[in-house]
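Taking this note's numbering, the leading residue of the sequence shown gets 2, the next gets one more, and so forth.
These are computed hints drawn from the structure, not numbers from a lab.
It is possible that part of the hints are untrue.
[What the hints assert, rightly or not] With a Cα cut of at most 30 Å, we get these calculated DSS-like pairs of lysine-lysine:
{"hint": "1", "residue 1": "K80", "residue 2": "K113"}
{"hint": "2", "residue 1": "K80", "residue 2": "K29"}
{"hint": "3", "residue 1": "K83", "residue 2": "K25"}
{"hint": "4", "residue 1": "K118", "residue 2": "K83"}
{"hint": "5", "residue 1": "K29", "residue 2": "K76"}
{"hint": "6", "residue 1": "K29", "residue 2": "K86"}
{"hint": "7", "residue 1": "K25", "residue 2": "K80"}
{"hint": "8", "residue 1": "K86", "residue 2": "K76"}
{"hint": "9", "residue 1": "K113", "residue 2": "K25"}
{"hint": "10", "residue 1": "K83", "residue 2": "K113"}
{"hint": "11", "residue 1": "K86", "residue 2": "K25"}
{"hint": "12", "residue 1": "K80", "residue 2": "K118"}
{"hint": "13", "residue 1": "K118", "residue 2": "K76"}
{"hint": "14", "residue 1": "K29", "residue 2": "K83"}
{"hint": "15", "residue 1": "K86", "residue 2": "K113"}
{"hint": "16", "residue 1": "K25", "residue 2": "K118"}
{"hint": "17", "residue 1": "K29", "residue 2": "K113"}
{"hint": "18", "residue 1": "K118", "residue 2": "K86"}
{"hint": "19", "residue 1": "K76", "residue 2": "K25"}
{"hint": "20", "residue 1": "K29", "residue 2": "K118"}
{"hint": "21", "residue 1": "K113", "residue 2": "K76"}
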Amino acid sequence: MSSNLHGIAIGIERSQDDFYLAFKAVGKLTHEDYEQMTPLLESALAGIKTPEIVALIDITELDGLSLHAAWDDLKLGLKHGKEFKRVAIIGQGELQEWATRVANWFTPGEFKFFEDKRDALDWLC
2 MSSNLHGIAI
12 GIERSQDDFY
22 LAFKAVGKLT
32 HEDYEQMTPL
42 LESALAGIKT
52 PEIVALIDIT
62 ELDGLSLHAA
72 WDDLKLGLKH
82 GKEFKRVAII
92 GQGELQEWAT
102 RVANWFTPGE
112 FKFFEDKRDA
122 LDWLC
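Using the sequences and the accompanying hints, generate a full structural model.
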């Protein structure tokens, strides 16, 4: 992606009768992106009594992370990883698939990589 557009969109979506958190990462993420997103995520998680969250993360338009953003992502995952039961990651290529496998090492929830959104939702919900 050659645009300067970057950031993380967060939403709550529904597939049939199931709700899930949806994230869409675009461009090269920065520390400032995490400074904007982290309080929103933490606020949403604070209202959940029994956290067994399922999430869909779309990284098909992700161009990478700054070093500081990668550190922010690791800290966020270590802090909140136990609250996620399953996370489906939609991406492209071996590097993104490898990163998904690495995420499984650091969190008790299950992370799985998909190239197709429908397949991801079938597994997630």
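So if I understand the rule, the pair passes when the alpha-carbon distance is 30 Å or less; does K118 with K76 pass? holds, 27 Å
Taken at face value, is the distance from the CA of K25 to the CA of K83 at most 30 Å?
Within the cut-off at roughly 21 Å; holds.
* Compare the distance between the alpha carbons of K118 and K83 with 30 Å, and conclude whether the hinted pair is satisfied. => With Cα atoms ~24 Å apart, K118 and K83 stay inside 30 Å; holds.
- For the pair we were handed, K86 and K25, check the Cα-Cα distance against 30 Å. Holds. K86 to K25 sits at ~19 Å (cutoff 30 Å).
Problem set entry | 30 Å Cα cutoff - pair K25, K118 | Since the Cα atoms of K25 and K118 sit roughly 12 Å apart, the hinted pair holds (cutoff 30 Å).
Margin query: Check whether the Cα positions of K29 and K118 lie no farther apart than 30 Å.
Written below: holds, 22 Å
* Asked: Has the given pair, K118 with K86, been kept, meaning a C-alpha gap of at most 30 Å?
  -> Status holds; Cα separation ~18 Å.
Q. Taken at face value, is the distance from the CA of K83 to the CA of K29 at most 30 Å?
A. Between K29 and K83 the Cα gap is close to 26 Å, so the pair holds against 30 Å.
Given the hint that K83 pairs with K113, test it: the Cα-Cα distance must not exceed 30 Å.
holds, 16 Å
> Has the given pair, K29 with K86, been kept, meaning a C-alpha gap of at most 30 Å?
Replying inline: holds, 27 Å
Problem - Hint consistency between K25 and K80 [alpha-carbon to alpha-carbon, up to 30 Å] - result: holds, 20 Å
Holds or violated: K113 to K76, with C-alpha atoms at most 30 Å apart
With Cα atoms ~20 Å apart, K113 and K76 stay inside 30 Å; holds.
Of the numbered hints stated above, none is contradicted by the structure.
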